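Line by line, the protein sequences are chains A and B. For the first sequence, this note's numbering assigns the number 1 to the initial residue and increments by one for each residue that follows. For the second sequence, this note's numbering assigns the number 1 to the initial residue and increments by one for each residue that follows.
Since the hints were derived computationally from the structure, they do not count as laboratory data. Hints should not be assumed to be uniformly reliable.
Cut-off 27 angstroms, straight-line C-alpha distance, at most; resulting in silico cross-link-like pairs (DSSO-like, lysine-lysine) [what the hints assert, rightly or not]: (1) K51(A) <-> K67(B); (2) K57(B) <-> K40(B); (3) K67(B) <-> K44(A); (4) K44(A) <-> K62(A); (5) K71(A) <-> K40(B); (6) K37(B) <-> K103(B); (7) K68(B) <-> K57(B); (8) K41(B) <-> K51(A); (9) K56(B) <-> K3(B); (10) K41(B) <-> K57(B); (11) K51(A) <-> K57(B); (12) K57(B) <-> K103(B); (13) K71(A) <-> K44(A); (14) K37(B) <-> K27(A); (15) K27(A) <-> K62(A); (16) K3(B) <-> K27(A); (17) K56(B) <-> K71(A); (18) K62(A) <-> K57(B); (19) K27(A) <-> K40(B); (20) K68(B) <-> K56(B); (21) K27(A) <-> K44(A); (22) K40(B) <-> K44(A); (23) K56(B) <-> K37(B); (24) K68(B) <-> K103(B); (25) K56(B) <-> K40(B); (26) K103(B) <-> K62(A); (27) K41(B) <-> K103(B); (28) K27(A) <-> K51(A); (29) K37(B) <-> K57(B); (30) K57(B) <-> K67(B).
Note that this is a predicted model, so its numbers are computed, not measured.
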Amino acid sequence: NAGVMQNPRHLVRRRGQEARLRCSPMKGHSHVYWYRQLPEEGLKFMVYLQKENIIDESGMPKERFSAEFPKEGPSILRIQQVVRGDSAAYFCASSPSRGGSYEQYFGPGTRLTVT
Amino acid sequence: EDKVVQSPLSLVVHEGDTVTLNCSYEVTNFRSLLWYKQEKKAPTFLFMLTSSGIEKKSGRLSSILDKKELFSILNITATQTGDSAIYLCAVDNQAGTALIFGKGTTLSVSS
Numbered sequence: 001n002a003g004v005m006q007n008p009r010h011l012v013r014r015r016g017q018e019a020r021l022r023c024s025p026m027k028g029h030s031h032v033y034w035y036r037q038l039p040e041e042g043l044k045f046m047v048y049l050q051k052e053n054i055i056d057e058s059g060m061p062k063e064r065f066s067a068e069f070p071k072e073g074p075s076i077l078r079i080q081q082v083v084r085g086d087s088a089a090y091f092c093a094s095s096p097s098r099g100g101s102y103e104q105y106f107g108p109g110t111r112l113t114v115t
Numbered sequence: 001e002d003k004v005v006q007s008p009l010s011l012v013v014h015e016g017d018t019v020t021l022n023c024s025y026e027v028t029n030f031r032s033l034l035w036y037k038q039e040k041k042a043p044t045f046l047f048m049l050t051s052s053g054i055e056k057k058s059g060r061l062s063s064i065l066d067k068k069e070l071f072s073i074l075n076i077t078a079t080q081t082g083d084s085a086i087y088l089c090a091v092d093n094q095a096g097t098a099l100i101f102g103k104g105t106t107l108s109v110s111s
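Pulled out of the complex, with its shape left as it was, chain A reads as follows (with noise of 0.2 angstroms):
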């Protein structure tokens, strides 16, 4: 049974151009969770989707940050016009059912460095 998948593994963009990060959950899994890790700062949520569906995007910055998980295909996050703060790790981790009763599991990330 693959992982979480996650690509691309490392990104470099310029200021001002677009990041497209994929996530594929585990099998069987159909909740999908994105988290950003800045330097010496733990795990912060961005957002949470089931398939075609965006249940919470609290944790999303307003502009510019985008997400989806289509019926078909891997989850998407996007970041429209970079800049160098949104240089970081992100994480999408799955759960077969909304987190507590079963504990989430995480990809390797994408590692994004806007220059």
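Take the given structure of chain A and dock chain B to it, following the hints.
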């Protein structure tokens, strides 16, 4: 505001030592507490604790939860260099959908 605080932030020990990592929390509707180990990539799941006083063990690692005093500890006995990692504590509150993470404890085990 819900929060999770881990201590110490970093720790350096010698191989064979025993370490105790601490995690205290303040959440409105506690459901479970989770420990993860993060090396260079994905945080990997260690334990999930929901009840006070019941120790969970996996090899040299063990953890216990105290819901009255709102904390958990993670013990590692006979440490090895492969235990060097960041140990993350997270809490699930019933009101939210996400895990609330502490900043982690960076453990370095020297040979």
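Against the structure, the hints come out as follows:
{"no.": "1", "hint": "K51(A) <-> K67(B)", "in the structure": "violated (34 angstroms)"}
{"no.": "2", "hint": "K57(B) <-> K40(B)", "in the structure": "holds (24 angstroms)"}
{"no.": "3", "hint": "K67(B) <-> K44(A)", "in the structure": "holds (24 angstroms)"}
{"no.": "4", "hint": "K44(A) <-> K62(A)", "in the structure": "holds (15 angstroms)"}
{"no.": "5", "hint": "K71(A) <-> K40(B)", "in the structure": "violated (31 angstroms)"}
{"no.": "6", "hint": "K37(B) <-> K103(B)", "in the structure": "holds (12 angstroms)"}
{"no.": "7", "hint": "K68(B) <-> K57(B)", "in the structure": "holds (21 angstroms)"}
{"no.": "8", "hint": "K41(B) <-> K51(A)", "in the structure": "holds (26 angstroms)"}
{"no.": "9", "hint": "K56(B) <-> K3(B)", "in the structure": "holds (23 angstroms)"}
{"no.": "10", "hint": "K41(B) <-> K57(B)", "in the structure": "holds (24 angstroms)"}
{"no.": "11", "hint": "K51(A) <-> K57(B)", "in the structure": "violated (35 angstroms)"}
{"no.": "12", "hint": "K57(B) <-> K103(B)", "in the structure": "holds (23 angstroms)"}
{"no.": "13", "hint": "K71(A) <-> K44(A)", "in the structure": "holds (26 angstroms)"}
{"no.": "14", "hint": "K37(B) <-> K27(A)", "in the structure": "holds (22 angstroms)"}
{"no.": "15", "hint": "K27(A) <-> K62(A)", "in the structure": "violated (31 angstroms)"}
{"no.": "16", "hint": "K3(B) <-> K27(A)", "in the structure": "violated (31 angstroms)"}
{"no.": "17", "hint": "K56(B) <-> K71(A)", "in the structure": "violated (38 angstroms)"}
{"no.": "18", "hint": "K62(A) <-> K57(B)", "in the structure": "violated (42 angstroms)"}
{"no.": "19", "hint": "K27(A) <-> K40(B)", "in the structure": "holds (24 angstroms)"}
{"no.": "20", "hint": "K68(B) <-> K56(B)", "in the structure": "holds (18 angstroms)"}
{"no.": "21", "hint": "K27(A) <-> K44(A)", "in the structure": "holds (24 angstroms)"}
{"no.": "22", "hint": "K40(B) <-> K44(A)", "in the structure": "holds (18 angstroms)"}
{"no.": "23", "hint": "K56(B) <-> K37(B)", "in the structure": "holds (15 angstroms)"}
{"no.": "24", "hint": "K68(B) <-> K103(B)", "in the structure": "holds (22 angstroms)"}
{"no.": "25", "hint": "K56(B) <-> K40(B)", "in the structure": "holds (25 angstroms)"}
{"no.": "26", "hint": "K103(B) <-> K62(A)", "in the structure": "holds (24 angstroms)"}
{"no.": "27", "hint": "K41(B) <-> K103(B)", "in the structure": "holds (16 angstroms)"}
{"no.": "28", "hint": "K27(A) <-> K51(A)", "in the structure": "holds (13 angstroms)"}
{"no.": "29", "hint": "K37(B) <-> K57(B)", "in the structure": "holds (15 angstroms)"}
{"no.": "30", "hint": "K57(B) <-> K67(B)", "in the structure": "holds (18 angstroms)"}
Hints 1, 5, 11, 15, 16, 17 and 18 from the list above are not met by this structure, while the remaining hints are.
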